[in-house]
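Peer 1: Starting from the given sequences, assemble the full structure and let the hints guide the process.
First to last, the protein sequences are chains A and B.
If you number the first sequence the way the working numbering does, the last residue is 210 and the count never jumps.
If you number the second sequence the way the working numbering does, the last residue is 460 and the count never jumps.
Honestly, the hints are just simulated from the structure, not real lab data.
Hints are supplied without guarantee of correctness; some may be wrong.
Rough simulated footprint, nothing fancy, chain B against chain A, three-plus residues with beta-carbon under 8 Å [unchecked claim]:
#: 1; segment: 153-164
#: 2; segment: 183-192
So the derived label-pair ranges between C-beta atoms look like this [what the hints assert, rightly or not]:
#: 3; chain 1: B; residue 1: E431; chain 2: A; residue 2: T180; range: 36 to 44 Å
#: 4; chain 1: A; residue 1: P107; chain 2: B; residue 2: A261; range: 34 to 42 Å
#: 5; chain 1: A; residue 1: L12; chain 2: B; residue 2: D334; range: 20 to 28 Å
#: 6; chain 1: A; residue 1: L12; chain 2: B; residue 2: A261; range: 20 to 28 Å
#: 7; chain 1: A; residue 1: E156; chain 2: B; residue 2: D397; range: 45 to 53 Å
From chain B, some residues computed to sit far from chain A (all C-beta separations above 10 Å) [said to hold, decoys possible]:
#: 8; residue: V130
#: 9; residue: A259
#: 10; residue: T287
#: 11; residue: S331
#: 12; residue: E338
#: 13; residue: V340
#: 14; residue: V342
#: 15; residue: G343
#: 16; residue: S375
#: 17; residue: E379
#: 18; residue: D397
#: 19; residue: E434
Note that the Cβ used here is the ideal one computed from N, Cα and C, for glycine as well.
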Amino acid sequence: MRVYLVDDHALFRAGVKAEIGEAVDVIGEAGTVDDAVAGVLAMRPDVTVVDVHLPDGGGRTIIERVLAHWPEAVFLALSVSDSAEDVVAVIRAGARGYVTKTIDAPALVDAIRRVHEGDAVFSPRLAGFVLDAFSGHLPAPSDPDLDLLSSREQEVMRLIARGYTYREVATRLHLSVKTVETHVSAVLRKLQLSNRHELTAWAADRRLL
Amino acid sequence: MTSGAPRAPFPAPSGPPASGRTSTPSRTPRSLRRAVTFPRRDDGRIVAGVAGGFADEYGVDPTLVRVLLVVLSLAAGTGLVLYALGIVLASEPTTSRPPRPTDPQRTLSVACVATGIVLLVRSTGLWLGDAVMVPLVAVAAGVVVLGLVRPDRPATPGVAANANGSAAVVELTSGRRARARLFAGAALVSFGLLVVGVREDASNGLRIGAFATALTVIGVAVLVGPWLARLAQEAAAERRERIRVEEREAMAAHLHDSVLQTLALIQRTADDPRRTVTLARQQERELREWLYGQGVARRTAGGVGPVGLAAALRGAVQDVESTYDVRIEAVVVGDAPLDPAMDALVAAAREACVNAAKHSGTDEISLYAEVRGTAAEVFVRDRGNGFDRAAVAPDRRGIAQSIEARLERVGGSARVETAAGEGTEWQLSVPVAAVPTAPSTAPPARRSEVP
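Peer 2: Here it is, written out as structure tokens:
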């Protein structure tokens with residue numbers, strides 16, 4: 002897998018590179034939005050690992066600008082941020098997953114592999130944000146398929162928020178891992194596309210829209 | 010931010026900043042404009058740059074144009090009318106250099122043109138008689154002179170002028186030229202008022218008296234107005250600057266007390282990895298609370314103030330983390346006001362975390378809390394060595410008392426899933442009070458609002 006790293010801290014990039022360098026091929030790195038957009042578009046990596054916070058615009062800007070030229074690009078967001086605004090903003094911009102920077106190297110490699118294979122990667126924290134965003138039970142939403150999490154999806158999100166891995170979720174719910182991944186991807190798609198009243202209000206509350 | 014707005018993948022190339030004047034659209038209709046298409050001059054102009062612009066456009070000597078205008082002005086003011094037409098019809102100046110108000114040549118020429126206009130008006134029937142117009146003109150001239158009393162703004166007004174709030178005022182009143190202008194203006198205004206007062210006669214004394222009063226008010230306003238405005242402006246700027254400085258100082262003080270101290274400690278204890286990790290974790294948690302939390306960390310003790318379940322759980326988690334040197338990934342969805350049931354839930358969750366920290370053998374614990382409809386649930390999970398519930402002596406107080414009995418007393422329940430070698434998960438639940446007894450004091454749960 003060819004991976005591109007974006008983080009404004011050179012030390013952190015070096016650390017990540019050293020940790021995952023054996024498992025994946027780190028083909029490039031950048032510390033600013035402009036460098037990152039140019040580098041990713043030039044090198045076409047399999048996965049771009051992008052920091053949520055950058056001085057001149059943040060991961061969201063990078064994702065939006067790259068996707069405008071190369072819609073197939075795959076992003077994994079990596080951040081120390083605790084704020085729902087930042088995290089949900091990069092997910093809605095198009096990142097396929099979010100992990101915190103305290104993640105250990107094998108888990109990070111695993112997350113990179115997952116997004117590369119087309120799955121979504123949810124940390125417990127992101128699962129919590131999602132549940133928060135989709136919470137409430139409004140009658141007659143405009144597009145029920147899109148605007149509400151199914152009860153299965155909610156269950157999956159809850160277990161992930163409780164710290165379960167996909168495999169553990171699968172065992173617990175008597176599903177295959179692939180099915181769990183399908184559910185998570187569906188949640189990700191809903192998060193990116195959903196325009197439900199309450200989610201919109203929730204996002205507007207936090208100045209995401 | 011509108012997600013649906015067309016994206017501009019790259020910022021549009023920002024051209025050279027257009028000068029304000031040239032980009033200002035003129036209100037003159039285009040057809041008229043086409044007939045007289047010469048731009049007024051801004052650089053090296055005398056009054057409004059009409060003569061200069063005309064001369065530039067048609068390649069004649071500007072002095073010739075000006076002399077011609079003056080001569081024509083003597084012929085019943087034709088030159089002045091032409092000049093006024095020029096101002097209206099000619100396009101905006103091509104250069105954006107602002108006129109220099111202190112240019113004596115320009116001031117003189119403006120005075121000449123103004124005098125010309127006054128004389129022209131006097132020769133027509135519009136004159137109200139010298140008795141009224143002479144003082145009026147004097148007052149007008151005084152006001153104009155006063156208007157020229159402007160402090161020469163420094164090149165970067167935002168910085169220099171704000172540095173000292175009273176600088177502009179000092180500038181306004183000091184300086185020989187400024188003071189001379191101030192006195193001249195005041196003298197002219199006073200003269201005008203005096204004349205009006207003296208000329209008072211029986212028939213229209215009242216009217217002139219009112220006129221004089223109005224003039225006095227206007228004169229005072231003209232004299233003092235800019236002063237007051239500037240003073241208010243300076244005060245506001247000073248206040249903004251002070252707030253900014255205070256914020257910066259507060260942040261510097263906080264970083265010094267926390268992050269810098271911790272970094273120094275870490276350097277000294279670099280050979281003790283466990284201590285280093287503990288310090289780093291504590292600092293990270295503290296900084297996070299400061300950055301993303303609601304200011305000072307509110308603890309559960311006392312239960313004073315509008316502390317909700319989420320904040321109380323976070324406080325408990327932080328206590329356990331720093332006491333037992335573990336990392337607890339806490340995710341909280343929703344919130345509820347604290348009541349005895351919630352207090353019990355927090356205490357039980359804390360105990361579950363402590364158990365996991367002490368007995369599980371791992372230092373990674375997950376805590377997930379959700380307020381959903383009628384119940385508040387907390388899950389505390391570790392991937393440690395687990396335990397055999399039957400093997401735990403029934404008199405061990407931790408589980409029996411602190412967790413199960415505590416929740417049962419408030420109508421809740423506690424379940425534990427564990428097996429040797431497979432980790433442990435506590436599932437704690439209490440009912441949420443359906444209707445708060447005192448809704449006015451209870452903070453509403455955020456997600457219970459239905460639009």
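Peer 1: Hints numbered earlier in the text: which of these fail when held up against the supplied structure?
Peer 2: 2, 3, 7, 12, 13, 14, 15, 16, 17, 19
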